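Peer 1: The residues making up each chain are set out below.
Protein chains: 2
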Amino acid sequence: MCYNFIMKETTRQKLIDATYEEVYSHGYQGAALADILTKAGVHKGSMYHFFGSKKEMALVAIQEKIAERFGTRYRSITDAEGGYLESFFAMLRDDSLRDFSRGCPLANLVQEMSNLDEDFDRVLKEIYAQFRNVLKQIYDAAIRAGEMKTCDTNKLALFSIAVLEGAILSAKASGNPKDYLDSVEMLIEYIEITKRSV
Amino acid sequence: MCYNFIMKETTRQKLIDATYEEVYSHGYQGAALADILTKAGVHKGSMYHFFGSKKEMALVAIQEKIAERFGTRYRSITDAEGGYLESFFAMLRDDSLRDFSRGCPLANLVQEMSNLDEDFDRVLKEIYAQFRNVLKQIYDAAIRAGEMKTCDTNKLALFSIAVLEGAILSAKASGNPKDYLDSVEMLIEYIEITKRSV
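Heads up: the sequence lines are chains U and C, in that order.
Residues 1 to 198 (the working numbering) make up the first sequence, in order.
Residues 199 to 396 (the working numbering) make up the second sequence, in order.
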């Protein structure tokens, strides 16, 4: 029983990982189910034990993998005891965290699918709102710690995501990671000048 | 002869327009050649008089239609005699110019195709660089007219595009055009505070 359970979990995880990678590289429409199954090393019949369709599998993969990505990256900042803005800026400046060739997995899917499919639209709306809420929490924590003046952190989170997504897109378009770094530096300048406590 | 020439031009333009619309709505990979031809009202055989493939037709459509879009929208600002920043800000604030359901046609294609195909990558790099250069020209004109302090207009153009693209993406993700407007307002605040002549 226990062995079967582990096998099932492993097969499911292999499918999730392969789906995420293929969709990230080729887009949802460009990701062929046959390639996903080959990458996962799983037969189509086994897939149907876990997911009813390529679409259902993709939606679950997006939710689990992108949530995991945000979880490890941003929650470590809010879980700390202070230095919220410094940690956040350091994370923004760390271009090793980004894959500029493929871009942002969330933005790619919004661009591709939000206007084409209601189920994708709903899932992507939720993830985008979660992302915005995580950044809002970082700014709220920074205000409570006296690192920033009181401001509309919901709007600042929105603006920060816009810059971040636009910066990754610019670097993907130009092939130059410096375009990401330069854009992010101007976001930091904006926050330092208009929001910092003196 | 003359009539034939006009017919040819019309057929070509119908193909370009239909390709652009289908690619804008469904992405390049999601745009079926059959649907493009139906929309254009052109037979496949006629298409091959003008373009060797769906890909060639899409690349030409992107170049012509996006260049036209930038041309009418941004060049009118640089061609004016002054009020460069005001005209630019007014244009940014005019959300009627944007299709938030489909997003930005340039950004969509960068997200979808830049890492998948060298020809798309090259064409999209060129268009993105042109876009950046048009915004740089607006800021350069504003500096010459004494509306702004001297600054690195190349970097400011990069940042402006990042915000603009990220703002359109946010509105597409949330389904709320106000997310675009709020983001753009913070870009304008950044420029007003850090770059305006006093």
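Quick caveat, the hints were computed from the structure, so don't treat them as lab data.
Among the hints, a few may not be true.
In silico lysine-lysine, DSSO-like type, Cα no more than 27 Å apart, as pairs [as the list claims (entries may be wrong)]:
| hint | chain 1 | residue 1 | chain 2 | residue 2 |
| --- | --- | --- | --- | --- |
| 1 | U | Lys195 | U | Lys149 |
| 2 | C | Lys334 | U | Lys178 |
| 3 | C | Lys347 | U | Lys178 |
| 4 | C | Lys253 | C | Lys263 |
| 5 | U | Lys155 | C | Lys323 |
| 6 | C | Lys393 | U | Lys155 |
| 7 | C | Lys353 | C | Lys334 |
| 8 | U | Lys44 | U | Lys55 |
| 9 | C | Lys253 | U | Lys195 |
| 10 | U | Lys125 | C | Lys347 |
| 11 | C | Lys353 | U | Lys178 |
| 12 | C | Lys323 | U | Lys195 |
| 13 | C | Lys376 | U | Lys195 |
| 14 | U | Lys14 | U | Lys195 |
| 15 | U | Lys14 | U | Lys44 |
| 16 | C | Lys263 | C | Lys212 |
| 17 | U | Lys149 | C | Lys323 |
| 18 | U | Lys178 | U | Lys195 |
| 19 | C | Lys212 | U | Lys178 |
| 20 | C | Lys253 | U | Lys178 |
| 21 | C | Lys253 | U | Lys149 |
| 22 | U | Lys195 | C | Lys263 |
| 23 | U | Lys155 | C | Lys212 |
| 24 | C | Lys376 | U | Lys136 |
| 25 | U | Lys39 | U | Lys65 |
None of these values were measured; they are calculated from a predicted model.
Peer 1: Need the list of violated hint numbers for this structure, in ascending order.
Peer 2: 5, 9, 10, 12, 14, 17, 19, 20, 21, 22, 23
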